[in-house]
Structures are given as C-alpha cells and as structure tokens.
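Enquirer: Reminder that position 100 of the sequence shown reads as 148 in my numbering, one-by-one numbering, no gaps.
No lab work stands behind these hints: they were computed from the structure.
One or more hints might be untrue.
[What the hints assert, rightly or not] Once the Cα atoms are required to be at most 16 angstroms apart in a straight line, the calculated EDC-like pairs of lysine to aspartate or glutamate come out as:
# : residue 1 : residue 2
1 : Lys61     : Glu74
2 : Lys184    : Asp168
3 : Lys124    : Glu107
4 : Lys177    : Asp209
[Unchecked claim] Label-pair restraints from in silico Cβ distances:
# : residue 1 : residue 2 : range
5 : Ala179    : Ser106    : 41 to 47 angstroms
6 : Thr147    : Ser189    : 16 to 22 angstroms
7 : Arg102    : Thr147    : 21 to 27 angstroms
8 : Thr171    : Val211    : 17 to 23 angstroms
C-beta: ideal position from N, C-alpha, C; glycine also.
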Amino acid sequence: MEGALTLCQDVYKIGGIGTIPVGRVETGVLKPGMVVTFAPVNVTTEVKSVEMHREALSEALPGDNVGFNVRNLSVKDVCHDNVAGDSKSASPMEAAGFTAQVIIWNHPGQVSAGYAPVLDCHTAHVACKFAELKEKIDRLSGKKLEDGPKFLKCGDAAIVDTVPG
C-alpha cells in the first residue's frame, strides 16, 4: 500500500468476525495484511480482510467504499471520524494546524483572527480557531486582493491559518 488513507465513516462489531471499520479509501491502496494506524487515537493494527458489497477484495482503490476487518481491535478503540493510514508510509497524525481557504457565509458581523468556528472535514466536526487572516482573495479567481486583512465579512473569501481547539 502506497500512502493509503481511509476515512472511517462508522465502526461495527460483527459476531464471529470482529471489528469492521467502514469508510472510503481516499488515497493509495488498502490491502489485507497491511499494518494501519488510526488517528487521532494512535492505535495500530493489521488488516485481516477487505470487502466491498460483501465481496472480498485483494485491494481497495481510491473512491472505494469498503469494510475492513482488523486484528485485536475493539469497536471502542476507534470511532467514526478517525483516519486509517499505512503505518509504514503514510501514518496519519493529528494536525497542529493547517492553512485553509474559507468563504464567510451567513455571518452577521465581522470575522477576525481569534474567531473559532466548527469546521467539517469529511466525517469530523472540529472546533478550530483562525490564528491569522493571511490574505483576502477573489471568490471566483482565487487572486489575492489584500494581504493580512484585519477582518472578513459575509461573502468574503480568504486564506487563513487555523489551529484545532
């Protein structure tokens, strides 16, 4: 598996089989026998089998929605918003921060550095803080309009540095 990342949409316990995380392969290839790490819980396990629509797969590719049986893992060890990645080449980890392109919608006032929205990223809902408003951009072209704006208002698009929590 080369850099496989799978987003867990749900986790099931199936009697006689075990724990089955279910999700979409976003990058790389997910195969039986691989060792994966779940983030942000930092739990590592081996993939015993991979299935799509109740048929066993030798590998799952980007875009495939699959269930995969994992060894020695309880359904309580991982949850629906975790990410599973290849422990050898793409071990996922919690981000200390990231740069995002945002558009302000349905906000009654001004947004400035320190604003803390809840962001949706795939299946996760994470409270984040806008640490810095880097630049205001044109919504359609993406061209820079202003460096380091003091605030944003409804309809503005911007590049912002964010930090979780």
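Enquirer: Now look at each hint and say whether the structure bears it out.
Expert: Hint check results:
1. With a CA separation close to 23 angstroms, the supplied pair Lys61 and Glu74 exceeds the 16 angstroms bound.
2. Between Lys184 and Asp168 the CA atoms are separated by roughly 21 angstroms; this puts the pair beyond 16 angstroms, and the hint is violated.
3. The suggested pairing of Lys124 with Glu107 is violated, with an alpha-carbon distance near 26 angstroms, which exceeds 16 angstroms.
4. As the CA atoms of Lys177 and Asp209 are separated by approximately 8 angstroms, the hinted pair is consistent with the 16 angstroms bound.
5. For the pair Ala179 and Ser106, the supplied restraint of 41 to 47 angstroms holds, since their beta-carbon distance comes to about 44 angstroms.
6. Separation of Thr147 from Ser189 is about 19 angstroms and conforms to the stated range, judged on CB atoms against 16 to 22 angstroms.
7. Distance hint check: the CB atoms of Arg102 and Thr147 are about 41 angstroms apart, inconsistent with the given range 21 to 27 angstroms.
8. Look at Thr171 against Val211: about 21 angstroms separates their beta carbons, and that is inside 17 to 23 angstroms.
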